[in-house]
Amino acid sequence: MSSRPELLAPPEIFYDESEARKYTSSSRIVEIQARLSERALELLALPDDGVPRFLLDIGCGSGLSGETLSENGHQWIGLDISASMLNVAVEREVEGDLLLGDMGQGLGLRAGVIDGAISISAVQWLCNADKSSHEPRLRLKAFFGSLYRCLSRGARAVFQVYPENIAQRELILRQALQAGFGGGLVVDYPHSTKKRKEFLVLTCGSVPTSINEGYKESCSEDDDSEDEENGMVGVSDRNRPRKKQRTNKKGKGREWVLRKKEQSRRKGNDVPHDSKYTARKRKSRF
Amino acid sequence: MRLIVHNMMSCNIKGVVNNFPLRIEAEKVIEKEVDFNPDFLRHMFAKIEWKALVDGARSLGYTELPDHAPDTAALESDESFLRQFHHALLELHLEEGSLVCPETGRKFSVNKGIPNMLLHEDEV
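These protein sequence lines are chains A and B, in that order.
According to UniProt numbering, the first sequence holds residues 1 to 286 in order.
According to UniProt numbering, the second sequence holds residues 1 to 124 in order.
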């Protein structure tokens, strides 16, 4: 797995002048990128009425994916953290607008203005902590939160991602769902390890549907009369004995601590690993 | 950077409330022709903050936009207005200059048409 660029250096350093040029001059990468962005655009499921949309390309790099958007007639903004990649994009005279920015700092865009977002092989970079101030969970949270705000209702976001392992995939998906997105994972060529491509398809708010009507008046009157007949709510339950906590001199015990830690881990918190010292009592001199 | 993007961008510094619109300090402005598409303009019109667009266009030296946004009926019929709107929104490019946060006065420089929106660590 040493071929993963995520493990070599942070994106703004890895994609330097030479790497940016190499990336864009490789016909294989260009072709793959074009195919991926074609597929992402398909998954965006924009309404088929011929009106160009205003899209966001996150991690646009040298604008390879944006080119596909332009070919389909859409206007787009591209965001990337590597200045060298953006310079190559300027030289190639891409049609979209370019922004130099870090998606982990949140997107500085107004609410509800973007019709859709795509991102090709970029979001997994957020799972790395390249500086001491970086905390992947918080960066993903800032990213998805700000993305949710700037998308218009009913819009979709499609991310092609290369998660390193199952934990990364879960982390990304969980943060997306916590930000309010609906949706899930679409896997192309699931049987092949090389061709396998994962797309995270997120929907932002549902298209408004009819809401259940409130109870009719006649019903509520019936309810009232029944309540009056019943009179008061029974009070016998009020002094229900509290559930006894199983604590003894030694504290709550190792199993309890392990269970709580597992619970916290599932929520995505940073939890120290379990060892033989876990839940051991301190010596009396403390 | 075109005004359509400027109209969408807000300052992303933590704790800033009054973050829109970013003030434009233009040093070099260029124009690039773009295909005229009235459907797209009508689609975007509802999302545009009109005052910010007019102010932005003025600071790029384009003063022909009306002060107040016309109603949607004008969008259907008024071709000359649509042309002005199209020109301001899509054809004016801020090539060199800077964007200034209205609250903190933080400058984001614009080089070769690319605004540098990277924040320092203490601003996140």
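Worth flagging that the hints you see were computed from the coordinates, not collected in a lab.
Among the clues, some could well be false.
What the hints assert, rightly or not - Computed beta-carbon distance windows for the label pairs:
hint, chain 1, residue 1, chain 2, residue 2, range
1, B, Lys112, A, Thr278, 47 to 57 Å
2, A, Leu8, B, Arg58, 39 to 49 Å
3, A, Glu262, B, Ser109, 42 to 52 Å
4, A, Gln178, B, Val29, 34 to 44 Å
Remember, it's a predicted structure, so these values are computed and weren't measured experimentally.
A virtual CB, placed ideally from N, CA and C, is assigned to each residue, including glycine.
Quick rundown of the hints versus the structure:
Here the CB-CB span from lysine 112 (chain B) to threonine 278 (chain A) is close to 55 Å, well matched to the stated 47 to 57 Å. Between leucine 8 (chain A) and arginine 58 (chain B) the beta carbon distance is about 47 Å. The supplied range of 39 to 49 Å therefore holds. The beta-carbon spacing between glutamate 262 (chain A) and serine 109 (chain B), approximately 48 Å, falls within the hinted interval of 42 to 52 Å. Against the hinted window of 34 to 44 Å, the Cβ-Cβ separation of glutamine 178 (chain A) and valine 29 (chain B) comes to about 42 Å, which satisfies the hint.
Hint compliance for this structure: no hint is broken.
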